[in-house]
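Peer 1: Listed below, chain by chain, are the residues.
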Amino acid sequence: MGGLDVRMHGVTCRHGRVEAVSGVDLEVAAGDRVALTGTNGSGKTTLLRAVLGLHRQAGGSILVGGRGTRTAAEWAWRRRSCAWIPQKPAAGRFPLLGAELLDSSHAPAEAAEAAARLGVGTLADRPLHTLSGGQLQRMYLARAIGCVAAGAEVLLADEPTAALDFEGQAEAADVLASLPVTLVVVTHDRALAERCDRVLEMAAGRLREVR
Amino acid sequence: MNALATADVGALLQLVPVQRAGLALLLAAVGLPVIGVVIVGLDIMPVRFAMMHVALLGIAVGLLTGLDPMLCALVACALAGAGVAPLARTPDGLSGAMGLLMSLAIAAALLLLAVSGVNASGAFALLWGSILSVGSPDLVVLGALAAVVPALFWWRRRDIGLLLYDRELAQCSGVPVRALTAALLVLVAVAVAGAIKLTGALLVDALTLLPALAARRLGSSLKSITLWAIGIGVAVNLSGFLLALWLDWPPGPVLVLMAGAVVLAVHLVSERRTSPWRAPASASLPSSH
Chain A
49 MGGLDVRMHG VTCRHGRVEA VSGVDLEVAA GDRVALTGTN GSGKTTLLRA
99 VLGLHRQAGG SILVGGRGTR TAAEWAWRRR SCAWIPQKPA AGRFPLLGAE
149 LLDSSHAPAE AAEAAARLGV GTLADRPLHT LSGGQLQRMY LARAIGCVAA
199 GAEVLLADEP TAALDFEGQA EAADVLASLP VTLVVVTHDR ALAERCDRVL
249 EMAAGRLREV R
Chain B
887 MNALATADVG ALLQLVPVQR AGLALLLAAV GLPVIGVVIV GLDIMPVRFA
937 MMHVALLGIA VGLLTGLDPM LCALVACALA GAGVAPLART PDGLSGAMGL
987 LMSLAIAAAL LLLAVSGVNA SGAFALLWGS ILSVGSPDLV VLGALAAVVP
1037 ALFWWRRRDI GLLLYDRELA QCSGVPVRAL TAALLVLVAV AVAGAIKLTG
1087 ALLVDALTLL PALAARRLGS SLKSITLWAI GIGVAVNLSG FLLALWLDWP
1137 PGPVLVLMAG AVVLAVHLVS ERRTSPWRAP ASASLPSSH
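Order-wise, the sequence lines are chains A and B.
Numbering of the first sequence is given in my numbering, commencing with residue 49 and proceeding in unit increments.
Numbering of the second sequence is given in my numbering, commencing with residue 887 and proceeding in unit increments.
For the record, the hints were derived by calculation from the structure and aren't laboratory data.
Computed from a prediction, not measured in an experiment: that's the story for all the values here.
Among the clues, some could well be false.
Result set (EDC-like, lysine to aspartate or glutamate): computed pairs, CA atoms no more than 16 Å apart in a straight line [said to hold, decoys possible]: (1) B:1109 / B:1045; (2) A:136 / B:1054; (3) B:1083 / B:954; (4) B:1109 / A:173.
Stretch by stretch, here's where chain A covers chain B in the computed footprint (C-beta under 8 Å, at least three residues) [claimed, not checked]: (5) 1042-1050; (6) 1055-1069; (7) 1107-1120.
Some residues of chain A that are not near chain B, with every Cβ distance over 12 Å (derived) [unchecked claim]: (8) 75; (9) 78; (10) 158; (11) 238; (12) 254.
We put the beta carbon where it would ideally sit given N, CA and C, even for glycine.
Produce the entire structure from the sequences given, and follow the hints as far as they go.
Peer 2: What follows is the structure, given as structure tokens:
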């Protein structure tokens, strides 16, 4: 089983004056699958984004594979080694084709193959904003599989099954759980949480172990 | 007989200034609509006004220091473009920044002009070009833009496509987001400022923004939008220029009105087109996993 360990110590993230994540300590062993649950606005998404450096007001230390992010090169390595499925795969300001999204995984062939398996292979020549929410989520899942094929060893997935139907949720959960990576997944989906080794709950920016 | 006073277009086309203007428009129509695509993609429509004022500030600095005013204007625009790049972090940071830039630049320019005792309208006049008065150096600049801008777009098409779609996704896909944004903004700033000088302030919109706005509706990817923008730019500019010659009207307004008519027509047509989100093929998950 592949994967890198993720270690967070005293991670604090602010949105202006509001402290969205306060003093989170988390150790995820290499290859572990961890579900992050909790009410809306409890800081799950912010914590995930902090790992990728997308949240600017973040303090504390986050190490992936023992490596920090002091330099631009280390950030580049972090973003290569951590695949990301964003919560709201927002239809952007400008059109992007499905194939271009799959290409951005740096393993276009594997991503396209995954898209075909997930039933969205024929949509690759369509702009993303013309896809439905579920189709878009499958596209992003296929992209993440491509990222893993390109060498990512951690997958940070933010509600990756929220827009899928029940059958799709189960299938996507199987796919996510079978990837040879360390998985940190924000989810309200029981089926997905059940496939994880650990379930953590976030409340008001703090983290506690549930299972 | 037509009521309008029409000219013999064939005879006019023998004139060197007219030939130069036609060539300038053709070159501009290749490079500048691509700049327009960036302007639409980064949502910085007020960039032309901002750059007019920043260029005025540069001219004021040039007049005060004795350096070449146009060079100062271009440098000022390049610096302003690079300076606002960090504001692209937030989604609406850039469009706000353009407004701020415009106010600050015009205030600083007027202050400088007042202090230096230069006539403000004289400084503004330096900024106004006309397509019928382009010289050989101007043609070289337009030619360089026509070559460099599409080439950069082709070379970096994946990165630019991701950046214009979603900055964070681009960042996580290994795109050098900061450097690329700064490079695009500098290119936009310099191209717009240069084009104002070469073609006149009004014509810049017909050459950059309007083809891109129409193309945004017609294309479904960065590549097709860019190609549409260039195609519309070339078609509108050449036909508009010939029309302006024929009717003996000033080319600037004719071209802007023509490009504007194309934008309106495209919007009306694409309103009627429906784009169903349902896939023709099955979208269900086959259980192959």
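Peer 1: Any hints this thing doesn't respect? Which numbers, in order?
Peer 2: Per hint list: zero violations.
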